[in-house]
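Trainee: Chain residues, written in single-letter form:
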Amino acid sequence: KAGVTQTPRYLIKTRGQQVTLSCSPISGHRSVSWYQQTPGQGLQFLFEYFSETQRNKGNFPGRFSGRQFSNSRSEMNVSTLELGDSALYLCASSLRGQGKDTQYFGPGTRLTVL
Amino acid sequence: EDQVTQSPEALRLQEGESSSLNCSYTVSGLRGLFWYRQDPGKGPEFLFTLYSAGEEKEKERLKATLTKKESFLHITAPKPEDSATYLCAVGNRDDKIIFGKGTRLHILP
Chain W
1 KAGVTQTPRY LIKTRGQQVT LSCSPISGHR SVSWYQQTPG QGLQFLFEYF SETQRNKGNF
61 PGRFSGRQFS NSRSEMNVST LELGDSALYL CASSLRGQGK DTQYFGPGTR LTVL
Chain G
1001 EDQVTQSPEA LRLQEGESSS LNCSYTVSGL RGLFWYRQDP GKGPEFLFTL YSAGEEKEKE
1061 RLKATLTKKE SFLHITAPKP EDSATYLCAV GNRDDKIIFG KGTRLHILP
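Those protein sequences? They're chains W and G, same order as listed.
Going left to right, the first sequence walks through residues 1 to 114 as my numbering numbers them.
Going left to right, the second sequence walks through residues 1001 to 1109 as my numbering numbers them.
Worth flagging that the hints you see were computed from the coordinates, not collected in a lab.
The C-beta atom is built at its ideal place from N, Cα and C for all residues, glycine as well.
Check the hints yourself; a few may be wrong.
Computed Cβ-Cβ distance ranges for the label pairs, DEER-style [said to hold, decoys possible]: (1) 1018(G) to 16(W): 48 to 54 Å; (2) 1051(G) to 16(W): 44 to 50 Å; (3) 73(W) to 1018(G): 41 to 47 Å; (4) 53(W) to 1018(G): 42 to 48 Å; (5) 1005(G) to 84(W): 23 to 29 Å; (6) 1046(G) to 57(W): 20 to 26 Å; (7) 1046(G) to 52(W): 20 to 26 Å; (8) 59(W) to 1042(G): 21 to 27 Å; (9) 1005(G) to 95(W): 25 to 31 Å.
With the hints as constraints, model all of the structure from the sequences given.
Mentor: Next up, the structure:
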């Protein structure tokens, strides 16, 4: 069974630009969660989508948004990039939801904002 | 407020020197406790899920245990390739997951 895939793996942007990251979950998984990971803050939860609906949301500004498609693939968008948005962005999929089942993580997208 | 605290923050061991990592939690209605291993620049790799106090799971040199307040990840006779950050997380009754900040483990050859 293929694991969680994320594209692109690396991204370099400049301040003010916007970026879209993509995540394909494990086949059959309906929940996709997104996380931001930085050395100082650890893993911080962004949001969770289940069957195309946002089910949970973390404490991030509205510049961070996401969506999920009918095939469970998910995208995350960050608008008006700031230097502090440089991080490893991880997505994770699970069958029924992040708190209910084991989540499986993708390799991450390393975003650098210059 | 639900929270997860992992200790120690960092641990250096000699190869073969067994030890334990701790994950203390406060959660409203534990749905599950999850252990992950993460190598630098990579996504966390799933290790174990524990659902109720008294449960234990093993995989190679790792053994995870769970009580009502904490979980331990026991590492027996570790090897340098066990060096990584180990993350603990809990799922609560609202189906949200809370991660600890991790323990950085370094095994010296």
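Trainee: Looking at the structure, which of the earlier hints fail to hold?
Mentor: Per hint list: zero violations.
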